[in-house]
Amino acid sequence: MSLTRAERTIIVSMWSKISTQTDAIGTETLERLFSCYPQAKTYFPHFDLHAGSAQLRAHGSKVVAAVGDAVKSIDNVASALSKLSELHAYVLRVDPVNFKFLSHCLLVTLASHFPADFTADAHAAWDKFLSIVSSVLTEKYR
Amino acid sequence: MLTAEEKSSVTALFGKVKVDEVGGEALGRLLVVYPWTQRFFEHFGDLSTADAVMGNPQVKAHGKKVLESFSEGLKHLDDLKGAFAKLSELHCDKLHVDPENFRLLGNVLVVVLARRFGGEFTPELQASFQKVVTGVANALAHRYH
Chain A
1 MSLTRAERTI IVSMWSKIST QTDAIGTETL ERLFSCYPQA KTYFPHFDLH
51 AGSAQLRAHG SKVVAAVGDA VKSIDNVASA LSKLSELHAY VLRVDPVNFK
101 FLSHCLLVTL ASHFPADFTA DAHAAWDKFL SIVSSVLTEK YR
Chain B
1 MLTAEEKSSV TALFGKVKVD EVGGEALGRL LVVYPWTQRF FEHFGDLSTA
51 DAVMGNPQVK AHGKKVLESF SEGLKHLDDL KGAFAKLSEL HCDKLHVDPE
101 NFRLLGNVLV VVLARRFGGE FTPELQASFQ KVVTGVANAL AHRYH
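Those protein sequences? They're chains A and B, same order as listed.
Under UniProt numbering, the residues of the first sequence are numbered 1 to 142, in order.
Under UniProt numbering, the residues of the second sequence are numbered 1 to 145, in order.
Keep in mind the hints are simulated off the structure, nothing from the lab.
Be aware that one or more of the hints could be misleading.
Derived BS3-like pairs: lysine-lysine, alpha-carbon spacing no greater than 25 Å straight-line [said to hold, decoys possible]:
#1 Lys41(A) - Lys131(B)
#2 Lys131(B) - Lys100(A)
#3 Lys128(A) - Lys100(A)
#4 Lys81(B) - Lys64(B)
#5 Lys64(B) - Lys75(B)
#6 Lys128(A) - Lys72(A)
These figures come from a predicted structure and were not determined experimentally.
Given the sequences, and given the hints that come with them, work out the whole structure.
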């Protein structure tokens with residue numbers, strides 16, 4: 001599965017708007033993840049996950065920044081996320097199902113913040129892109 | 001499954017939903033984002049581009065039908081399996097729809113609600129809706145054999 005040129009254009013152009021709100025988007029995405037899929041909290045026993053927590057905010061920023069790295073190297077996501085891919089495979093070992101949950105929560109957050117930009121085509125492009133990111137992050141699992 | 005408070009917040013939000021528009025948008029997005037789902041709708045005419053799908057009158061009509069049925073289900077949150085028993089048999093025996101499609105549509109519906117309600121569609125409200133769409137999907141799959 002790879003992105004068409006049109007899909008890449010959509011993602012890069014929406015990213016320029018997203019990048020002005022990475023903190024808010026990151027925090028909200030994680031809040032949605034932990035509200036809707038509480039089992040995801042099992043990976044963060046060491047975190048304060050309450051709304052407004054500094055750790056939640058910091059981690060949300062980190063996650064969105066990584067997505068941004070993938071956007072900036074949209075022609076070679078595997079190389080941009082190679083270190084993260086190793087981290088997830090050998091250290092974090094987050095069950096792959098959680099990437100679907102996180103991706104869905106990011107899509108919901110984007111739809112809620114950018115209702116006009118999040119057209120059906122944009123929805124399709126982002127769903128596909130996040131699916132590619134998830135594949136890259138799990139490709140070294142075994 | 002849902003607390004009384006969750007049921008009431010879900011019902012309150014859904015009361016503001018324009019069922020015909022949201023149904024059409026949700027079904028349309030399902031067909032665009034997951035194009036393999038078009039396999040059930042080859043008789044719907046032009047589904048060749050996102051614009052064609054979203055503007056297709058049959059998609060809109062069918063989307064409205066689906067969401068009306070979902071709305072009906074919201075009145076029976078304590079017995080979704082009972083409420084959707086007949087539809088479950090229909091989807092298995094006549095329509096031959098893989099229940100995975102119900103899960104996909106449920107998540108697309110959540111995205112559409114987020115798009116239309118913005119900040120009002122809080123993480124907590126989303127969590128309640130996720131339980132509802134999962135419940136409906138399971139109810140629709142319940143009679144499969």
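Holds or violated: Lys128(A) to Lys72(A), with C-alpha atoms at most 25 Å apart: With Cα atoms ~16 Å apart, Lys128(A) and Lys72(A) stay inside 25 Å; holds.
Hint consistency between Lys41(A) and Lys131(B) [alpha-carbon to alpha-carbon, up to 25 Å]: Distance ~18 Å between Lys41(A) and Lys131(B) Cα, so the pair holds.
Distance restraint between Lys128(A) and Lys100(A), which requires alpha-carbon spacing of 25 Å or less: Holds: Lys128(A) and Lys100(A) sit about 11 Å apart, inside 25 Å.
Pair hint outcome, Lys64(B) versus Lys75(B) [Cα-Cα no greater than 25 Å]: Holds: Lys64(B) and Lys75(B) sit about 17 Å apart, inside 25 Å.
Hint consistency between Lys81(B) and Lys64(B) [alpha-carbon to alpha-carbon, up to 25 Å]: holds, 21 Å
25 Å Cα cutoff - pair Lys131(B), Lys100(A): holds, 16 Å
In summary, this structure violates none of the numbered hints.
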